[in-house]
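These protein sequence lines map, in sequence, to chains A and B.
Just so we're aligned: the first sequence equals residues 225 to 570 in this note's numbering.
Just so we're aligned: the second sequence equals residues 225 to 570 in this note's numbering.
Derived from the structure by calculation, the hints contain no laboratory data.
Worth double-checking, as some hints may not be accurate.
[Unchecked claim] Below, in silico cross-link-like pairs of lysine-lysine (DSSO-like), each with a Cα-Cα straight-line distance of 30 Å or less:
hint : chain 1 : residue 1 : chain 2 : residue 2
1    : A       : 520       : A       : 432
2    : A       : 432       : A       : 419
3    : A       : 567       : A       : 482
4    : A       : 432       : A       : 478
5    : B       : 432       : A       : 520
6    : A       : 520       : A       : 567
7    : B       : 478       : A       : 520
8    : B       : 432       : A       : 410
9    : A       : 482       : B       : 520
10   : A       : 432       : B       : 520
11   : B       : 419       : A       : 432
12   : B       : 231       : B       : 567
13   : B       : 567       : B       : 520
14   : A       : 231       : A       : 567
15   : B       : 520       : A       : 478
16   : B       : 520       : B       : 432
17   : B       : 410       : A       : 432
18   : A       : 478       : A       : 285
19   : A       : 520       : B       : 410
20   : B       : 432       : B       : 285
21   : A       : 419       : B       : 482
22   : B       : 482       : A       : 520
23   : A       : 520       : B       : 419
24   : B       : 415       : A       : 520
25   : A       : 410       : B       : 231
26   : A       : 419       : A       : 520
27   : B       : 520       : A       : 419
[Unchecked claim] Which bits of chain B does chain A cover? Going by a derived footprint, with three or more residues having C-beta under 8 Å, they are:
hint : segment
28   : 366 to 375
29   : 416 to 430
30   : 445 to 451
31   : 455 to 465
32   : 489 to 495
Everything numeric in this text was worked out from a predicted model, so none of it was measured.
Beta carbons: idealized from backbone N, C-alpha and C, even for Gly.
Number of protein chains: 2
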Amino acid sequence: MNNYTAKFLLELSTDLIEAMGSRREDAHIVAHHLVEAQLAGHDSHGIVRLAQYYAHACEGKVDPRAEIEVVRESPTTALLDGHYTWGQVTAMRAVELGISKAQENGIAALSLRNCYHVGRVGVYPLAAAERGFIAQVHCNGHGVCRVAPWGGTEPRLATNPVAIAIPTRGEPLLVDITTSVVAEGKVRISKNAGKEIPDGWVLDAGGKPTTNPADLYEGGSLLPLGGREGHKGYGLSIIVDLLGGALSGAGCGKMTEKVGNGLFIQLTDPACFCDPEEFLDQVELFSEYLRSSPLKEGVEEILLPGEPEQRTAALRRREGIDIDDGTWSQVVELAGELGVEVKEAG
Amino acid sequence: MNNYTAKFLLELSTDLIEAMGSRREDAHIVAHHLVEAQLAGHDSHGIVRLAQYYAHACEGKVDPRAEIEVVRESPTTALLDGHYTWGQVTAMRAVELGISKAQENGIAALSLRNCYHVGRVGVYPLAAAERGFIAQVHCNGHGVCRVAPWGGTEPRLATNPVAIAIPTRGEPLLVDITTSVVAEGKVRISKNAGKEIPDGWVLDAGGKPTTNPADLYEGGSLLPLGGREGHKGYGLSIIVDLLGGALSGAGCGKMTEKVGNGLFIQLTDPACFCDPEEFLDQVELFSEYLRSSPLKEGVEEILLPGEPEQRTAALRRREGIDIDDGTWSQVVELAGELGVEVKEAG
Chain A
225 MNNYTAKFLL ELSTDLIEAM GSRREDAHIV AHHLVEAQLA GHDSHGIVRL AQYYAHACEG
285 KVDPRAEIEV VRESPTTALL DGHYTWGQVT AMRAVELGIS KAQENGIAAL SLRNCYHVGR
345 VGVYPLAAAE RGFIAQVHCN GHGVCRVAPW GGTEPRLATN PVAIAIPTRG EPLLVDITTS
405 VVAEGKVRIS KNAGKEIPDG WVLDAGGKPT TNPADLYEGG SLLPLGGREG HKGYGLSIIV
465 DLLGGALSGA GCGKMTEKVG NGLFIQLTDP ACFCDPEEFL DQVELFSEYL RSSPLKEGVE
525 EILLPGEPEQ RTAALRRREG IDIDDGTWSQ VVELAGELGV EVKEAG
Chain B
225 MNNYTAKFLL ELSTDLIEAM GSRREDAHIV AHHLVEAQLA GHDSHGIVRL AQYYAHACEG
285 KVDPRAEIEV VRESPTTALL DGHYTWGQVT AMRAVELGIS KAQENGIAAL SLRNCYHVGR
345 VGVYPLAAAE RGFIAQVHCN GHGVCRVAPW GGTEPRLATN PVAIAIPTRG EPLLVDITTS
405 VVAEGKVRIS KNAGKEIPDG WVLDAGGKPT TNPADLYEGG SLLPLGGREG HKGYGLSIIV
465 DLLGGALSGA GCGKMTEKVG NGLFIQLTDP ACFCDPEEFL DQVELFSEYL RSSPLKEGVE
525 EILLPGEPEQ RTAALRRREG IDIDDGTWSQ VVELAGELGV EVKEAG
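Next comes chain A alone, as it looks inside the complex:
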């Protein structure tokens, strides 16, 4: 196991992405995203992605120097075409454009297509909520599907997350959830560790419940959120696909060959409806009200959405970020290939 500071990983990742052909400022946006995901504990969306991103750059699935195009625009809306530059750069550009529109007009909605992997979706509503806006993001995945329609056996929907952030006087509240019962990464981790998965996550190719994670990769499917009430997660997943994929023209499910994310971003300035300070008061009072509920046996405290990640980030900022040997040797190998020097960790 290796332990590095966020600052060290940010510099190294920026160098690596720049060496893949990116402008320095774009490389910084992508690297910052990966390191923030790693800090928050979402290691599957952290620097482990660098090798994959480079492979995709070589294959032309991502074009590190492509220019983002604003295809349609109104005072409150915009359609952006990422032309397959980095998804993080496209999505952050959309958030910035949305904030300027919402500052002027109170609300804004943005649609994104031809967008490479955007990474951890919660980052985008968080960025807007840190500037005082309520932000909702529906993010479809197209080209790769793991979730079957409710009652079906063949995967035709991605894990299609929804992420919503609400400003507070501290760090924003953040709900960042897949509409599948869990993210696919959790099944993969169990498979790699040779462990069973809980009942209720996966159906095998025949549509029967299974606790063997390998079944997902042999024609099986991931279940939608909700257990017996999985029609609810299924319904939400369809909404995400249509808002993210159909409005933008990115495509839905596996109806397109192109792999990527289609996004629909909505921003709301609370000042349209109330005094923003009173809104923050309400959020604070409501949070305290929820926290003060009597606890179930064995539960130490009630958490609010986003707090587990905030705590992991605080810990990792203090104590550094552990990177497993496999991931680290991949990064070192990539650096060799790209001619980037891996300096001594600070």
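Use these hints to put chain B onto chain A, whose structure you have.
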């Protein structure tokens, strides 16, 4: 059991609500809502509500003649105060105002407070989707709570539904779901029928799982959507409370004594982002793509969100609506009290 046509029930309900002190046109909106809910199979939101509405009118919890006020307004947003007239009238007024704003400016957002029971929430996004708009509604319940914060035992959140409708060339797709595992009415029906409820719906007052529906009404709590992943339903419920209750000033959870719904309504014209006909094409193709998945054993077909209700409505329009004796005798008694003649069913 009694069987009546929708037309008969609509006329009778309109007469009854008018006799409670309503303007005829408002009475018609509320009656239409109740009968449509009944047609769709949501009997708990149908004419069984008439007696409760009258009791609340007598207690002053609803003011049938109050005027709706537009408190704040911009070209794309509005805050409405219902002053506790019928919730259906307030919410339909907001939808109409929103549509006119979205027609002009592409998107619109509306916030509603001092809003009496709005009934079946899905009706409002449906009304906008029938006119070509994507519509999202977050509807909190305040004053009455059934759901405990994740890890807690005391109810501090209502069942807080989300309803989203997408236009199609036929009837809109409609996701209309509580963020609790099920609606409270399902537990009440089991209790009244003396039946056990499935594991995973309710915790007793001590926070232990229970299959006895009565436990919910003796200090227990309804679980959030998601089963083991109930933190997801809990997170969504908080979002609904803050969007519906905090933005509008209606209030969140049981932090207010006033019973009602706080709404946040968002409308989007697909034409902001794409050719609306191409959007409808995509929705159609995607629907067919989902339907055509191979089926699980025992499943006859894959349904899209909203289809079960559409089918129930078509059946009940053909064959009439069954009303159980208990509900019907309440209605007849109410008619006597209000001096409304119950004509022979047509």
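Here is what the structure says about each hint:
1. A:520 x A:432: The given pair, whose Cα atoms are some 33 Å apart, is violated under the 30 Å limit.
2. A:432 x A:419: Between residue 432 of chain A and residue 419 of chain A the Cα gap is close to 19 Å, so the pair holds against 30 Å.
3. A:567 x A:482: violated (37 Å)
4. A:432 x A:478: holds (23 Å)
5. B:432 x A:520: Roughly 8 Å separates the two Cα atoms, so the pair holds.
6. A:520 x A:567: Since the Cα atoms of residue 520 of chain A and residue 567 of chain A sit roughly 49 Å apart, the hinted pair is violated (cutoff 30 Å).
7. B:478 x A:520: holds (20 Å)
8. B:432 x A:410: Distance of about 28 Å is within 30 Å: holds.
9. A:482 x B:520: Given pair residue 482 of chain A, residue 520 of chain B holds - Cα atoms ~28 Å apart, limit 30 Å.
10. A:432 x B:520: Measuring from Cα to Cα gives roughly 8 Å; hence the hint holds.
11. B:419 x A:432: holds (28 Å)
12. B:231 x B:567: Satisfied, since the Cα-Cα distance of roughly 12 Å is no more than 30 Å.
13. B:567 x B:520: Given pair residue 567 of chain B, residue 520 of chain B is violated - Cα atoms ~49 Å apart, limit 30 Å.
14. A:231 x A:567: holds (12 Å)
15. B:520 x A:478: With a Cα-Cα distance of about 20 Å, the restraint between residue 520 of chain B and residue 478 of chain A holds, given a limit of 30 Å.
16. B:520 x B:432: violated (33 Å)
17. B:410 x A:432: holds (28 Å)
18. A:478 x A:285: holds (16 Å)
19. A:520 x B:410: holds (24 Å)
20. B:432 x B:285: Roughly 35 Å separates the two Cα atoms, so the pair is violated.
21. A:419 x B:482: Between residue 419 of chain A and residue 482 of chain B the Cα gap is close to 50 Å, so the pair fails against 30 Å, i.e. violated.
22. B:482 x A:520: holds (28 Å)
23. A:520 x B:419: Holds: residue 520 of chain A and residue 419 of chain B sit about 26 Å apart, inside 30 Å.
24. B:415 x A:520: The given pair, whose Cα atoms are some 24 Å apart, holds under the 30 Å limit.
25. A:410 x B:231: Given pair residue 410 of chain A, residue 231 of chain B is violated - Cα atoms ~53 Å apart, limit 30 Å.
26. A:419 x A:520: holds (29 Å)
27. B:520 x A:419: Given pair residue 520 of chain B, residue 419 of chain A holds - Cα atoms ~26 Å apart, limit 30 Å.
28. 366 to 375: holds (count 4)
29. 416 to 430: n = 4 at 8 Å, threshold three: holds.
30. 445 to 451: Satisfied; 3 residues make the cut.
31. 455 to 465: holds (count 8)
32. 489 to 495: holds (count 3)
Violated hints for the displayed structure, listed by number in ascending order: 1, 3, 6, 13, 16, 20, 21 and 25.
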